[in-house]
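Chemist: Here is what each chain is made of, one letter per residue.
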Amino acid sequence: MEYLNKNPRRDFLKTSAIVTGGLMIQPFSLSGAYAAGSDEIKIAVIGCGGRGTGAVFQAFDTGHNIKLVAMADAFRDRIDKSYEPIFNKYGKDKVDVPEERKFAGFEGYKEAIKLADVVILAAPPGFRPDHFEEAVKQGKQIFMEKPVAIDATGIRKVLAAAEEAKKKKLNVVVGLQRHYQDNYRETVKRIHDGAVGDIIGGQVYWNDGGVWVNPRQPGQTEMEYQMRNWYYFNWLCGDHIVEQHVHNLDVANWVKNSYPVKAYGTGGRQVRTGKEYGEIFDHHSITFTYADGTVIFSECRHFPGATNRVDERFQGTKGNVYLSAGNHGILTEWGGKEIYNHNRDNNPNPYQVEHDELFDAIVKGEYKFADAENAAKSTMTAILGRYATYSGKEISWDEALNSTVDLMPERLAWDAMPKVLPNEEGFYPFAIPGKTKVI
Amino acid sequence: MIWVNFLLAHKNTMNKLNKFLRTLFLPVILVVTAFLFAWKSLPFNQFEPYTQEIPDSKQSFQMVPIPGGTFAMGSLVQEDEQPVHKVEISPFWMGAHEITWDIFELFLDKNYEQAIAEKPLPTQVDGLSRPSIPYLDMTFGMGKEGKPAIGMTQYGALQFCKWLYLKTGIFYRLPTEAEWEYAAKAGSQSKYFFGNDAALLGEYAWYDRNSGGTTQAIGQKKPNPWGLYDILGNVMEWTSDQYVNDAYTKRVETVEKDPRLPIQSLYPGSIRGGNYKSTSEDLRVSKRFYSKAEWKRIDPQIPKSQWWFPEAPFLGLRVVRPMNAPSQGEIMNYYNRPPIADY
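Going down the list, the protein sequences come from chains X and F.
Residue numbering for the first sequence is 152 to 590, as defined by the numbering used here.
Residue numbering for the second sequence is 21 to 363, as defined by the numbering used here.
Each hint should be verified, as a subset may be incorrect.
[What the hints assert, rightly or not] When the alpha-carbon atoms are kept at most 25 Å apart in a straight line, the in silico BS3-like pairs for lysine-lysine are as follows:
#1 X:Lys588 to X:Lys413
#2 F:Lys270 to X:Lys426
#3 X:Lys488 to F:Lys241
#4 X:Lys340 to X:Lys265
#5 F:Lys211 to F:Lys270
#6 X:Lys426 to F:Lys241
#7 F:Lys241 to F:Lys312
#8 X:Lys265 to X:Lys515
#9 X:Lys243 to X:Lys218
#10 X:Lys232 to X:Lys265
#11 X:Lys240 to F:Lys241
#12 X:Lys240 to X:Lys413
It is worth saying that the hints were derived from the structure and are not from the lab.
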């Protein structure tokens, strides 16, 4: 089984493909109208929330000849709310999504993908494996948001599709946008060149106040309620360790050129205990051990009123590293001498760079991006962390990746039941470390 | 105002009482609340400094009186600061400090405010439109405790004022650009309120030379003569005005009283005071700044947030309270301006 990664370091080097990475640039041909002589690129968006809509804007803002031809979302009102600003800004020459190409419901993505050359996959993370698998099956170029799955079952599906995408030479860019942010690129390049020696430890954080809640409405089915509050249900979100903290864990993997072999940690629901917060924890604190013995400490929490911290620190044999999404990229020798301090002013917008580079490759007919495998393994890192905090046990990468637990509902429909349901008072069951079986 | 709030908050309970009981108790409630209101507002009428407690929290902030008067607005340094012209300003109180995260976070997260309050929030406060809880860390790693709240839009700053009003019953708002400059100058006519010597700035302000590239806890430097701390530097402060670069050229005919530049479009909004990254030249009391759409550039969502600028960690707010509060209708008009969509 290819996904059982016995030598993560070597494998990482082979497959990481962020511009300077190991992929050969190879020509490919786009199917459909684009190849038939028109230079128009047709795009479809799957998942029309704020992020999917934002990604459509960024695709248009690459300046290439792009036409939005299809939109899919489980909720019809989400399609309408997304269509309006897109149409208002880009107009009828760029936006050609008549009624019959607005696909509401759980299955519409298949039809929407058919109509496009490039697809934007931005539905809640739980749906990503199916959406990605379908887009690869149909041979499309892909931008997909992170995280790419919520459990090991989904990860295996993404890893298999990622292999297929490579065979078909489909560009896949994933919205782990730190890979497209200059301070990270410049600093990690220097780390890999040995500027601070070998990385032997690190601390990565996403500690802040939490996210939105949509109150339960009269007449909502349980499925609709959970879909409207997808952040708080693992089958949709994977917990905030997966949905948010994947960014920081991904940076650790990138810096280490590797993935952890095991995780041990603790977590729970300390301040966010209301029924409106579904089943996810409000804090996780984990040590990840890598094959060479390096330990990376990871912490993520949603505590309003407490001190925020969202950044990554690493210690090397010769110096230390500070990175943050606020364009920090600082390398310092032990003793304090500065090796590198990234200029924080006027850096490009990484969310735009993702699309600029993807569409540039597509227009030139180049095969340059294979982000899916790393995204799957970094997402798996976060899932491994959740398995460790939910169970309270040390869990190895291989055990976690082989878990056959499948959190997705048996059936996706508005009248279908998710697997986690509220009790009579409206509270959802959540994991109890030492008691809950997670893999 | 307080008793109006009180009655609204208890409307449901009132409806449940029968008519007889209502006629019996209503006068009693009115007398008691009127007494409480008179007692609570007494010190304010004396136009003295006061501390505003925020109900159901441990937070408070200080207000200092800014006497009414006439001053010379603008300077000869930048084109948009000219001509220097006379403006008359009515008396008001101004926050001695920039609003901190400790206070702002109660507003931005209702559940947090509720948790701190340990009792149900009044209906109006509960129903207030709140910011989207930011997905990004809006402190940018610079800390919360005692530090100025940052990165909010003008709409967010105004809605914070509304929240304060609903909490306290007192009309708080953003300063106009003229009020801000008048208060910052504090009767001076020099580059800074303490004179022209930039070498003295470090005693009064956090700026590029001494901030270490980060916001600083409020109130550590000397105040201006009217008791305003960090009025220059630390974080820039929202005004309620539109930024109009040639606004002063239209004020030469007469001495304008309390000039305002109402918001017509989302950008540019008027901002004052310089920040922790500013040069000494940008900390001049007459220096004018304005908001920019590009501060939302890295917001990955569409529509872009009405509440947050992910790239303005140098922008905060300070509230004012006019000595003579306007009518209830004017107050609600001030607060209830609908947000302008931002793509």
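Chemist: It remains to establish, for every hint, whether it holds in the given structure.
Modeler: Here is how each hint holds up against the structure:
1. Only pairs whose Cα atoms come within 25 Å are accepted, and Lys588 (chain X) paired with Lys413 (chain X) is accepted, the gap being roughly 17 Å.
2. Between Lys270 (chain F) and Lys426 (chain X) the alpha-carbon distance is near 57 Å, which puts this suggested pair outside the 25 Å criterion.
3. With a C-alpha separation of about 31 Å, the suggested pair Lys488 (chain X) and Lys241 (chain F) falls outside the 25 Å cut-off, and the hint is violated.
4. As the CA atoms of Lys340 (chain X) and Lys265 (chain X) are separated by approximately 38 Å, the hinted pair breaks the 25 Å bound.
5. Only pairs whose Cα atoms come within 25 Å are accepted, and Lys211 (chain F) paired with Lys270 (chain F) is accepted, the gap being roughly 23 Å.
6. With a CA separation close to 45 Å, the supplied pair Lys426 (chain X) and Lys241 (chain F) exceeds the 25 Å bound.
7. With a C-alpha separation of about 29 Å, the suggested pairing of Lys241 (chain F) with Lys312 (chain F) is violated against the 25 Å cut-off.
8. Note on Lys265 (chain X) and Lys515 (chain X): the hinted pairing holds, with a Cα-Cα distance of about 22 Å set against a maximum of 25 Å.
9. About 9 Å separates the Cα atoms of Lys243 (chain X) and Lys218 (chain X), which keeps this hinted pair within 25 Å; it holds.
10. With a C-alpha separation of about 23 Å, the suggested pair Lys232 (chain X) and Lys265 (chain X) falls inside the 25 Å cut-off, and the hint holds.
11. For a cut-off of 25 Å, the pair hint linking Lys240 (chain X) to Lys241 (chain F) is broken: about 47 Å separates their Cα positions.
12. Of the supplied pair hints, the one linking Lys240 (chain X) and Lys413 (chain X) is violated, its CA atoms being roughly 48 Å apart against a limit of 25 Å.
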